[in-house]
Amino acid sequence: MSIAEKFYTMEYGAAPEDPKEAVQWLERHHRRFEEFIGGTWVKPASGEYMVTSDPSSGDTIAEVAKGNKDDVEAAVGAARKALPAWQELSGHERARYLYALARQVQKHSRRLAVLETMDNGKPIRESRDIDIPLVARHFYHHAGWAQLLESEFPSYTACGVVGQVIPWNFPLLMFAWKVAPALAAGNTVVIKPAKYTPLTALAFAELAMEVGLPPGVLNVLTCDARTGQALIEHPGIDKIAFTGSTEVGRIIRKATAQSHKKLSLELGGKSPFVVFDDADLDSAVEGLVDAIWFNQGQVCCAGSRLLVQERVAETLYARVRARMETLRVGHPLDKAIDIGAIVSPVQLETIRRMVDAGIAEGARCWQPRNQLPEKGCYFPPTLLTDVHPSATVVQEEIFGPVLAAMTFRTPAEAAELANNTVYGLAASIWSENINVALDLAAQVKAGVVWVNSTNQFDAACGFGGYRESGYGREGGREGMLEYLTPKWLHSLPPAKAASDREETPDEQNGFAPAGATIDRTVKQYIGGKQARPDSGYSFPVYGRDGQLLGEAPLGNRKDIRNAVEAARAASGWARTMAHGRAQVIYYIAENMIQRRDEIAHRLAAAVGEEQAAAEIDLSVQRVFTYAAWADKYEGVVHHPPGRNITIALPEPVGTIGILAPTEAPLLGLLSLVLPAISAGNTVVAVPSECYPLILGDVYQVLETSDLPGGVVNLVAGRPAELGKTLAEHDGVEAIWCFRSNEEAAMVRAASIGNMKQVWTNDGREYDWFSPTQAEGRWFLQHATQVKNIWVPYGE
Amino acid sequence: MVNRERKRPVVYYVQPRDKMEIPSNTALQPPASAHSPAHAVQPVQVVLNGRVLESNRRIPLNLDWVEEVRVNTSAVERRAATHCARRTVKKEHQAAWLLRAIACMDLTTLSGDDSTERVKRLCAKARNPLQRHLVEGLGLEELHLTVGAVCVYHTFVETAVKALEGSAIPVAAVSAGFPAGLSPLAERVEEIRRSIEAGASEIDIVITRAHVFNGEWQALYDEIAAFKETCGPVHMKAILGTGDLMTLRNVARASWVAMMAGADFIKTSTGKEAVNATLPVSLTMARAIRDYAERTGMAVGFKPAGGIRTARQALDWLAMMKDELGRPWLEPSLFRFGASGMLADIERQLEHHLTGRYSAAYRHPIA
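Residue numbers (the working numbering), protein chains in the order written: chain V, 1 to 795; chain C, 1 to 367.
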């Protein structure tokens, strides 16, 4: 076609990015890559290789080593060996390495972008303008944290050797999100890139060599999922960070249940994209393009559920369809396309299957007439309407360019639909009324909320999910904390094994009245009322001299069920003003002081007079501490690039199950319950079986302190048994177990169902009498999760 | 009242203008499909999202449409910024797109020191925007490429008309108290009448910005309607003075009023404001044009003016029009650049396309 003809057709034509430099780099490596272990390229122990291919053509790009268990061993060994010297470095010295890595990424940005696009299939515009610049930004930001580590995190130290497993959708960006904070905090790393997309991780390893990163500090293992599991299970790993599907997240939870490995999981999503009738609809349409047609929809935080206010639904749908017609699907290396290739034939098939299932369930499917390339893995942008919350395509993550659209009438219905999901990663809210937008932003259960925008990322702003979208944050201060642990934690004595303790006697074989008079009835405390145990049984409680102190209610599953129901019904506590919560908590202290002597007297029979006095006096102080914190544990405001503020808001986790420690029946219980309620959570706590009668004293104090019913629920019984029910309960968002390793393992295993957050004593016996260990930010961090609300501004 | 006889579909031609025989009954062929040959000899209807559009004519002022305007500035800025990153044209396509920019250019001189000679020079360049070796080298002889129009002050209309005689290049006059629009209404109307009498076939009017700031939509509507009434069939472009209006919401509201008042084109700026045509402003106006077309079935043209100096910018704007409004808005009948320096940069780029060497401005005849 001549220029004159093109003058009339005005087509875009091809605008290919030249892959020459990237290809040369591949050739220099003879298109075969070893693993990066201990600072050098190491041949796989198996001698086997696997291929990675270009999804736009199906052609093999290169062979990469297929690591096995021996390679895992070698890599973890190298990381372990490198750890002391790396930790020995000052923050400044580590900062210089991270800075050098940021610089090196920028210097080779185009090669990395082209490689990423070849390996993953994402449009070169995205890898060039979004992925790689964010990678560099992440290393710069964390060079800063390394520099400030000693002054900003003075009581923390690195976790140790970190095992990281990352997905294929943002290969190098996820690599940066994992590696930068880990190294900044002083950890050494073994990272496994995804099988489909190992190349940029290997290219990065080469950059690390170029900047002279000490051998073993960063190790890159290429292997399949099975070997990845070996990495997860390796006893030499102290912390695991994973990004990927909720399904694999569950497997990891299960595989690590027996260990004290610290976990952060960034999992799937089905994020709502809410459009109110007063939104700028044309901008909302572009927002959808960025939400669901970014990276072919293979984005964990993709706005895949469109919720639009009924009055403007048809208008919006029409504009979305018109916009879809102008989306260009094509070769990922073409600089003027919007949608590239799906990462693999397997993923393409999954998308097809799910869309077909959606249509079979009654969805109306609309796809534009855009031409798809004949060869390669492509799927057209797709809009599904006539869908309902019960539809598979609304409930399950598709991980493809597929948008499911529904309508709502009122803001309340929008919130209900938005939260009607097991996930909670992100949300996008469109309205020109800041009141409307922020009201929903506060209600939506998601770790990231974008007002009038979508898929915005910055290293300073934490990213991570609620519910089954995982826990832990990446980016910002909260992201650094995922790779740090309190210095005092590792010097604590080991927790007592469950077998070392007296079994809780039950009525059948343990009841030995010994002639004492029983003049005090202690019940369960559920929903603000004293309640008889559902079982109708009680069990005897003995003092340390073996004397019978009284009888405690023997709780069962139904007591837990009732307690969780009561706790969930009391969720309004989270919305109570912080000042109001503080007053109630102060009042608890006041009432406790009034009863000090009688509580101490009774407690003395179990723990001795000295400890009893210390427990009650420290308890009063601790109550004051958390009354003080109630209106002071606050968020920050980030200033990401552009005209944006990002409000990082610590929100309560929800309903927390607490298995109190045996060491200090009163102080230990309160040390866990108080931070939880101070932050706005509701609690179901199981007191220690050593002296469960403390429950009677505690609820009498609570009852007289204006604490709304259901905020704290106390159920006595066998902690292991009640803990299992709590851990399995989908209505419980987190469980804290400060007991034996056996119980911690049980709780971890039982809580996988809804991926609830688990916090344990890491096999240590906390010193509840030490304020530096037993109160403050470390506890409040676990009682909250950070929600980042992005608010752009400008007229 | 709407004049029924003036109700006509807009057409554009995928064929050089001077070779076109317009069917006497104006019965139109179906729109060109993707399979039609590139040089299909047929007028093509202006279609937006499957709907055939007519040319714009005045409709009663609908204040709801003005009040309903929603423009989220940050979101518009993001879209404008990423739009440029999403689209690019290379090699022969780029050359063709740059030629398109020339065809859609209102070659303009609006300086206090304008002279008859300068206007004549401009007209000569308008007739032959590219040097002979470029026309031949790029194989454009059959294209008979000229700019879209020549745009001057009233004083030079006659000079320009004379200089462009026989070329079919229209002369546009800036009018109605350009650039501030603050002279008495009667004088502004009279100014339009005189320019038309002098031979201008396009009139670029300016609006009273105060009407926008004060929300005096009826007054704004009446003013523009009066200008259009005076113009009659003469093409009228309404300059909104977007640099003065400051906010995108003001830009969108003024766009709606101007379209309802019957403007054939809406135009960003005078070139005399501190900030002139920007991509976010243009995106806002393009979206208003699209929404207006969907509501009324009528097509309004768009003219960004001022501050567009480079070939790269020309491509950004063309791509935005193509994606936001479609192929018809790449025709001079619906899209113009107001520019003076841009042509020189385009020539340099075409020279580079032809020779592979980077050219220098002095090697190309000035306008």
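Honestly, the hints are just simulated from the structure, not real lab data.
These figures come from a predicted structure and were not determined experimentally.
Quick reminder that beta carbons are idealized off the backbone N, C-alpha and C, glycines included.
Be aware that one or more of the hints could be misleading.
Said to hold, decoys possible - Looking from chain C toward chain V, a few residues come up when the C-beta cut is under 8 Å (computed):
| # | residue |
| --- | --- |
| 1 | Val52 |
| 2 | Glu67 |
| 3 | Arg70 |
| 4 | Lys90 |
| 5 | Glu92 |
| 6 | Leu99 |
| 7 | His144 |
| 8 | Pro280 |
- Item | Violated constraints from the hint list, given by number and in increasing order | Those not satisfied are hints 1, 2, 7 and 8.
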